[in-house]
Amino acid sequence: MSVGDGLFTSVVISAISFALFWVAAFTLWWQMHAWRTPETLASTRFDRPDGGDRLAFSLLLPARHEQAVLEHTIDRLLESSHADYEIIVIVGHDDPETAAVAERAAAGAPERVRVVVDHNETKNKPKALNTALPHCRGDIVGVFDAEDQVHPELLSHVDHAFRATGADVVQGGVQLINFHSSWYSLRNCLEYFFWFRSRLHLHAEKGFIPLGGNTVFVRTEVLREAGGWDQNCLAEDCDLGVRLSSVGKKVVVAYDSDMVTREETPGSLMSLLKQRTRWNQGFLQVYRKKDWQQLPGRGQRWLARYTLMTPFMQAASGVIIPVNFAVAVFLDVPVGIAIITFLPMITAMVTFVFEIVGLHDFGRQYGLRVRFVHYLKLIVGGPFYQVMLAGAAIRAVWREQRGRNEWELTSHTGAHLQTAGAGATHSSAPIREDAHR
Amino acid sequence: MTATVPTATDPQPADAPTDATAGPQLLPVRQLPGSRRPAGPGPGAGDGSDVGDASDASDGGDGGSPGVRPSAGPARPMVRFRSSRPDLLLCGALLLVIVLVQGWNLTDFPALSDDEGTYLAQAWAVQQGEGLAHYTYWYDHPPLGWIQIAALTWLPSLFVPDWMTVAPMRFSMLAVSAASAVLIYVLARRLWLPRWAAGLAMGLFGLSPLSVVLQREIFLDNLAVMWMLLAFCLAASPSRHLWHHFGSGLAAATAVLTKETMLVVLPALLVTMWRHSHRDTRKFAVTGAITACALIGLSYPLYALLNNELLPGAGHVSLIDGITYQMSRPGSGFILDPGSGSNGVFRSWLYYDTVLPLGGLAGAVLLLVTHRWSVTARALAGPALAAVLLAVVAMRPSGYLPAMYVIQALPFLALVLAAAAASVTHAVLRRRRGPGERRALVYARWALAGVLAVSAAAYVLPRWYEGDRTALTADANAPYRRAAAWLGREVPDPAHTRVLVDDALWLDAVHSGFAPGPGAIWFYKADLDPAVTKTLPRGWRDIDYVVSSPTVRRDAVDLPTVKAALEHSTAVAVFGTGEDRIEIRRTDRESGS
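Those protein sequences? They're chains U and V, same order as listed.
Per this note's numbering, the very first residue in the first sequence carries number 1; after that it's consecutive.
Per this note's numbering, the very first residue in the second sequence carries number 1; after that it's consecutive.
Treat each hint with caution, since some may be false.
[Said to hold, decoys possible] Interface residues of chain V toward chain U, partial, derived using beta-carbon atoms under 8 angstroms:
id	residue
1	239
2	284
3	328
Calculated directly from the structure, the hints in this document are not laboratory data.
Positions of the beta carbon are idealized from the N, C-alpha and C atoms, including for glycine.
When you get a sec, could you build the whole thing from the sequences and use the hints?
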């Protein structure tokens with residue numbers, strides 16, 4: 001290798017290393033947002049409600065092939081301590097089993113539960129939600145999924161949050177709980193933990209936020225003004241958040257381990273991959289819709305750009321970091337350059353350590369026993385999870401490139417939802433009870 | 001007096017999460033932690049109130065649970081150093097005095113030390129792009145220290161290359177001392193010492209004759225102290241910010257890589273961080289700091305590994321060899337054993353000052369003993385532990401005690417001595433004081449405090465005045481200066497002349513035109529470095545001059561080539577008299593004896 005070649009290699013490797021370092025460092029910085037100071041952590045929680053329930057809620061519950069869990073979910077929602085709310089169950093015209101469950105629930109509590117039938121030929125979640133939007137009578141529209149376990153006190157807290165902060169949108173916490181089901185569910189749970197516990201609060205603070213798919217509450221007139229959900233977007237939740245925050249609507253996030261909506265991870269690695277592909281593709285679509293360009297601040301636009309591209313950068317860095325590392329070790333580069341190539345590795349290790357602490361904190365918050373083997377799984381599973389993420393990112397780009405978006409994937413989504421739902425009821429039912437204390 | 005008013009508050013208040021009643025907690029509504037004042041007469045309630053442990057006692061209060069704590073609980077007073085005019089004025093005035101005292105006459109006193117020359121020469125090698133040393137770097141110390149010296153001296157040496165010798169470059173240490181002095185003030189305030197005690201700590205640290213002597217010298221320890229003080233300041237960050245704690249870990253690692261003996265202080269840093277972090281965020285903060293420290297610390301073995309110099313092997317130096325050498329250095333005896341080397345070092349410290357080493361240590365012990373009752377003691381637990389740890393390590397009967405060892409202890413000794421003074425003052429003025437105490441008793445308390453203060457000053461000030469006066473007026477380096485000048489003036493063809501010099505004079509010789517390495521030779525390399533020995537096939541006969549300084553004469557006993565060169569040479573110039581004289585000797589190679 002000539003001197004010129006060596007220099008070239010060194011420069012390229014350093015540039016890549018620094019870029020990766022900054023990407024990883026920023027991601028880490030944001031991921032740890034909630035724990036920056038005790039005050040920040042305290043401010044991520046729900047404020048205690050003052051007891052006056054003044055807003056009326058319309059809770060949307062789209063259900064597709066969810067007959068197994070729907071009843072339980074509705075029963076649980078009916079336990080809510082809030083005074084004024086209605087539950088609108090949205091069922092497909094081609095799904096009589098779920099519809100039957102919904103009708104039975106409506107008959108049992110006619111003043112609370114109503115059923116709306118979605119007659120769209122091809123079905124997806126945003127269409128179902130938009131079908132129900134005209135039927136909403138409340139001041140606030142809330143969205144839940146059919147398998148969600150909602151805390152009875154949640155609505156009162158959200159009510160208070162709307163009134164105390166003057167928010168247009170309140171995003172509550174969603175948490176996957178079944179961390180011990182499999183190696184990937186462990187990481188998946190932790191992703192949710194860091195996202196809802198920490199990162200989303202930063203987004204709320206910065207005024208750019210991709211909302212979550214459920215436990216999200218929007219003032220009804222704001223939602224109608226915005227034209228409801230985007231039926232063609234695969235990540236309609238993210239898109240709604242981006243559109244609302246881009247026009248300056250105030251979004252507030254609150255996370256309380258008591259008050260989160262508990263969910264289960266997808267039932268198989270394949271369905272997790274598909275779900276992630278859908279999200280990634282959805283993020284790409286949101287990026288290309290360019291609503292985020294209306295954001296007033298340059299910093300906000302960069303945050304938007306960065307956040308929407310995160311899945312792809314994550315995938316890329318998951319591949320590049322080891323390659324870069326190997327190049328530094330096996331090619332003959334100067335020692336100083338080799339040290340620089342370790343920078344992204346160092347950030348990755350710091351992230352790892354914080355994940356371990358996060359897992360501990362997660363266990364503490366939810367009263368779950370995290371054993372040594374789980375920490376081990378977390379570490380060993382890390383690289384494999386990266387591979388899965390990279391796979392999902394590549395898959396998303398490929399599908400988007402070939403224009404394979406909504407219809408094809410929506411039917412997939414339906415299938416995966418069904419699997420996930422079934423998996424939840426059969427295999428993980430005891431976990432739910434357990435997790436629920 | 002408000003001796004411990006700021007300390008009579010919670011070092012780790014769990015105020016934030018219980019604030020749920022105070023107002024909207026959701027994100028956009030930011031809450032200013034400093035804006036809350038204690039509702040009750042909390043501060044000044046006394047040294048004995050055990051508020052320090054309150055937050056640990058009330059666990060399980062995770063935000064949502066209502067009314068965990070009475071809202072009148074103690075709040076933490078924020079020390080807003082940058083916007084506090086009295087703090088800035090006091091700190092600025094003290095800084096000026098310290099810089100003047102340490103800076104005045106610093107080239108002439110104390111005597112140039114061999115180690116200073118070593119580090120500066122290696123810094124010079126770094127500046128010249130010759131790697132980590134102008135001889136083979138053999139992992140004697142982590143190189144970060146003289147890399148920093150190289151950075152510090154780079155700009156001045158660019159303008160005046162001749163200044164790149166030991167005496168003028170002591171001015172770079174002045175900057176380090178100034179930074180450390182400010183950091184110690186900030187740290188004292190962050191540990192809730194009252195303003196006067198923070199000033200006292202800064203004064204003790206910067207003006208003790210022992211500090212003045214040692215901090216003037218180009219020692220890695222001085223840089224390490226600066227980094228460690230920064231680490232402590234960040235660990236005691238009033239905002240308890242995750243990344244401040246992370247930064248504390250980074251600074252601590254830098255301190256250790258600057259001078260490896262700083263490892264001893266790390267547990268004390270951990271204690272400080274533990275006490276000053278909040279229960280809810282502590283596990284992230286402390287783990288983050290440890291990770292940061294470990295990862296940066298590991299970069300040193302990583303460097304060795306990348307150079308294939310981690311493990312010992314034939315034909316190359318290695319980190320393990322370097323560590324083995326340092327660990328197996330012959331011990332200098334028990335520190336209290338008269339006649340041992342350690343005892344000599346110890347007495348040389350006490351020669352300059354007894355107040356800071358002995359008083360500080362007594363203060364540290366006092367604080368550790370009164371840990372249960374005194375809030376000040378709990379706030380200062382970290383520095384007190386650091387002082388005690390360093391003392392314990394110095395007491396090892398078999399260990400090697402370097403003369404600069406005490407430098408690392410100076411800031412902690414100063415802090416605990418000031419804190420002990422604050423604690424005693426508080427006890428005298430406030431202990432068991434009722435609301436309606438009789439006037440006479442109040443006067444008596446003040447009188448006692450005054451007597452204590454005056455007698456302390458009467459004891460310390462004359463001694464320090466003497467010590468500092470010497471430092472400001474004595475000229476210990478005239479022989480060195482004249483020897484360096486002679487070398488530059490009288491040697492006809494320096495580029496082709498080979499001279500053995502000690503480290504302190506080496507850069508002077510290089511600036512006079514001697515070739516660094518083969519021409520100007522660190523005297524002991526002539527015997528110990530195979531690469532140098534190879535260039536001296538005929539032993540002392542290949543050498544033209546020997547500059548015989550006290551160091552050279554002392555070490556020549558074990559160095560045959562140097563010894564022979566001294567024996568087969570005649571003094572052509574002598575500077576100074578007695579033990580400290582410096583001779584320039586020309587070898588008798590022409591006589592061929």
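Hints, one by one, checked against the model:
1. Here the hint on residue 239(V) is kept, as its CB sits about 5 angstroms from the closest CB of chain U, short of 8 angstroms.
2. The interface hint given for residue 284(V) holds, since its Cβ lies 4 angstroms from the closest Cβ of chain U, which is under the 8 angstroms cut-off.
3. Violation of the interface hint for residue 328(V) is found here, the shortest Cβ-Cβ separation to chain U being roughly 28 angstroms, above the 8 angstroms cut-off.
The structure fails hint 3 only (numbered hints given earlier).
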